[in-house]
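Residues per chain, in single letters:
Number of protein chains: 2
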Amino acid sequence: MSNSHFTLEYKSTECMARLGTLETPHGRIRTPVFMPVGTRGTVKAMSPAELEELSAQIILGNTYHLMLRPGSELVAKAGGLHKFMGWDHPILTDSGGFQVFSLAGLRKMMPDGVKFSSHIDGTKFFLGPVESAKVQRDLGSDIVMAFDECTPYPCSHEEAEKSLTLTHRWERMSREQPLKDGQQMFGIVQGSTFRDLRELSAKTLSELDFNGYAIGGVSVGESQEEMFEVMSWTTPLLPENKPRYLMGVGTPRQIYEGVKHGIDMFDCVMPTRLARHGSAFVTGGGTIPVKAARYREDFSPIDPKCNCYACRNFTLAYIRHLMNVNEILGMRLLTIHNIYYFMNLMKEIREAIANGTFLEYGKTFTE
Amino acid sequence: MSNSHFTLEYKSTECMARLGTLETPHGRIRTPVFMPVGTRGTVKAMSPAELEELSAQIILGNTYHLMLRPGSELVAKAGGLHKFMGWDHPILTDSGGFQVFSLAGLRKMMPDGVKFSSHIDGTKFFLGPVESAKVQRDLGSDIVMAFDECTPYPCSHEEAEKSLTLTHRWERMSREQPLKDGQQMFGIVQGSTFRDLRELSAKTLSELDFNGYAIGGVSVGESQEEMFEVMSWTTPLLPENKPRYLMGVGTPRQIYEGVKHGIDMFDCVMPTRLARHGSAFVTGGGTIPVKAARYREDFSPIDPKCNCYACRNFTLAYIRHLMNVNEILGMRLLTIHNIYYFMNLMKEIREAIANGTFLEYGKTFTE
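As you go down the protein sequences, you meet chains A and B in turn. Residues 0 to 366, numbered by numbering that gives the first Met the number 0, are exactly what the first sequence covers, in order. Residues 0 to 366, numbered by numbering that gives the first Met the number 0, are exactly what the second sequence covers, in order.
By construction, these hints were calculated from the structure, which means they are not laboratory data. Hints are not guaranteed to be accurate.
Chain copies aren't distinguished; within one or between two, either way the pair holds.
[Said to hold, decoys possible] Derived pair list, reagent style SDA-like, types lysine to any residue, alpha-carbon separation capped at 20 Å:
1. 76 x 298
2. 43 x 327
3. 10 x 284
4. 161 x 198
5. 43 x 277
6. 123 x 100
7. 43 x 276
8. 76 x 296
9. 43 x 308
10. 76 x 316
11. 290 x 180
12. 43 x 275
13. 82 x 298
14. 43 x 325
15. 82 x 295
16. 290 x 277
17. 202 x 49
18. 82 x 299
19. 10 x 304
20. 346 x 305
Using the sequences plus the hints, can you model the full thing?
Below, the structure written as structure tokens:
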């Protein structure tokens, strides 16, 4: 049995929601947790000090982007990703698979991985279970993801089954790769929107004794209902004493539903990407378009109930102005606000589980 | 006589350098001082909290940019520029003249100002001494600049003289405009690179009893030697008990030379603009190109002698990576570093004047 880094602290009596702690070499994480995405060695527009102030517990790094630039060997020479980017708290790295499979036309499937050309300068790379683990060792992340094939959506049962067989072979190979001291590896359940395949995948991977389990192949174009169904089939079959991670999800409501289905970890570019495009999350789970003309003379904060640096110090009118003239500070303030929103959402979710008011809390979502 | 907001605290025995304090409704400024430029209601890439941490005493706002977007009436409704942008320390606003005269082809000279079309959407505006003072009242800056014509460089003596006559008429009109409680107005000496005109301008404006005097029409293409000459002609003729401001200057060495010639205030986009393009100031007064290949594996800080947030926490290799993948944090860290450099430069200059080591300090500049 792999070491038990995860401690299940409390199970809701209302649903599958749960509280836990996950130990890593860079500190303890309280779950359920949302992980801001730091694609290329920085959570876009944010400094590490600001992420700490926002109580971000763990961030995500992208194997694909970092192996291209600056290269994982450089990061290793710098002493690992934590030291390179000045972030002394936990980091989870993905396997790079998701990005590589998005490179339609620039990639070639091989038995043990994918040949691809850099989208930047055409340099040739090869990424499979062996290479992905090597890169993630170089990066020194706390949580390493197994290399899988992200099944495209939509696809036939036959295609999904074939893809799942490959994914399982690659995940077995991944599990055999050496890891750095303290590094954990999570497996990824695939199977598209087919119940039998999701169940098969959950059972097969459970036997590989990963340190945690992700549900992959979601938020790839399927309906929200399908996403919730996939969770409802999968989580009951995953080991209870291991953390569960819903990859690339999602909206506040999707995160809430994920927790309800027994998910412990989430990541999504939504808060940071929407911020840079001028959308701010507000009470209820929706967003407002900050650049809209109706906020021109609105001298109230983005959200009067919010206590973030942006809402405590600046008005909608000001942030709208900054966004309309493309000032970096506009993107910074909206990023701070949106990450604060997600951090606060998770804090409220954890409190609601502890207080037995989780289902009640769900009624606060208006979107 | 206008109120004496400026107190000359100490005169160097070595040269014309001096120490002073300038009182404003938003606090006291120790001179010589460098003012970071906040063109459109934000010092690019920086938050007000970061500027405070860097001990920025006063920042500059641009009348032209702010009257176009978001419009000075909106800023007035927000309670003034300080409140709008969340900066509770002094602000100096320029008159807008410099930018308007740069709009070749889009502007038309009139007796009492300039007609121009917005470079953004073609909207028609008129800016002269009356309008500029009105906008600056709306903005509520601590220091208002008189409206002048920035004489183009190079130009003939005849052209410079004609331009100076107009400037003097406009500055007289400016001086007659109402100001808000506590607002001060500075006049601007012009006269291109002609000694007789600079002397005439200094004398003429001295009689108008402004609260301070700027030297304009420098850093417009003339040689560094010409810039120093203009100062050497002008400052001896300006009232000793009023602050002197060298507009749009400059490099660390130019600032040092300015102080030596009796200048108290400086502003320049150089630290912030160069930061966004990847240049970092280093000990000696020069810059290094952070994106250069030679820093790829340089795990030392930008400047080992620097104590800014960027140098205390990040390596050249990391900041180079951020700049090469266009991450906002790269621009932020270089902006913090460069502003820190200029703030520290002014602090060292003030200390050197106080300690009688100002000329000695000048030897530290290698560029």
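Status of residue 298 relative to residue 76 across identical chains (alpha carbons, at most 20 Å): Classified as between: cross-chain Cα gap 9 Å, same-chain 49 Å, threshold 20 Å.
Copy assignment of residue 82 with residue 295, given that the CA separation must stay at most 20 Å: Classified as between: cross-chain Cα gap 16 Å, same-chain 42 Å, threshold 20 Å.
Identical-chain pair category, residue 290 with residue 180, by Cα at 20 Å: neither (48 Å within a copy, 34 Å between copies)
Identical-chain pair category, residue 161 with residue 198, by Cα at 20 Å: within (15 Å within a copy, 87 Å between copies)
Homomeric proximity label, residue 76 with residue 316: Cα distance no greater than 20 Å: Between copies, since 10 Å is at most 20 Å while 46 Å is not.
Residue 43 and residue 308: within-copy, between-copy, both or neither at 20 Å Cα: Both ways: residue 43 and residue 308 sit 17 Å apart in one copy and 18 Å across, limit 20 Å.
Residue 43 and residue 325: within-copy, between-copy, both or neither at 20 Å Cα: This pair counts as both: shortest intra-copy Cα distance 15 Å, inter-copy 10 Å.
Intra- versus inter-copy proximity for residue 284 and residue 10 (alpha-carbon distance at most 20 Å): Answer is neither: 25 Å inside a copy and 61 Å across each miss the 20 Å cutoff.
Alpha-carbon proximity context of residue 43 and residue 276, limit 20 Å: This pair counts as both: shortest intra-copy Cα distance 12 Å, inter-copy 18 Å.
Identical-chain pair category, residue 82 with residue 299, by Cα at 20 Å: between (39 Å within a copy, 12 Å between copies)
20 Å Cα threshold - placement of residue 277 relative to residue 290: Only inside one copy: residue 290 and residue 277 sit 6 Å apart there, 29 Å across copies, limit 20 Å.
Same-copy or cross-copy closeness of residue 82 to residue 298 [CA-CA at most 20 Å]: between (41 Å within a copy, 10 Å between copies)
Of the numbered hints stated above, those contradicted by the structure are hints 3, 11, 17, 19, listed in ascending order.
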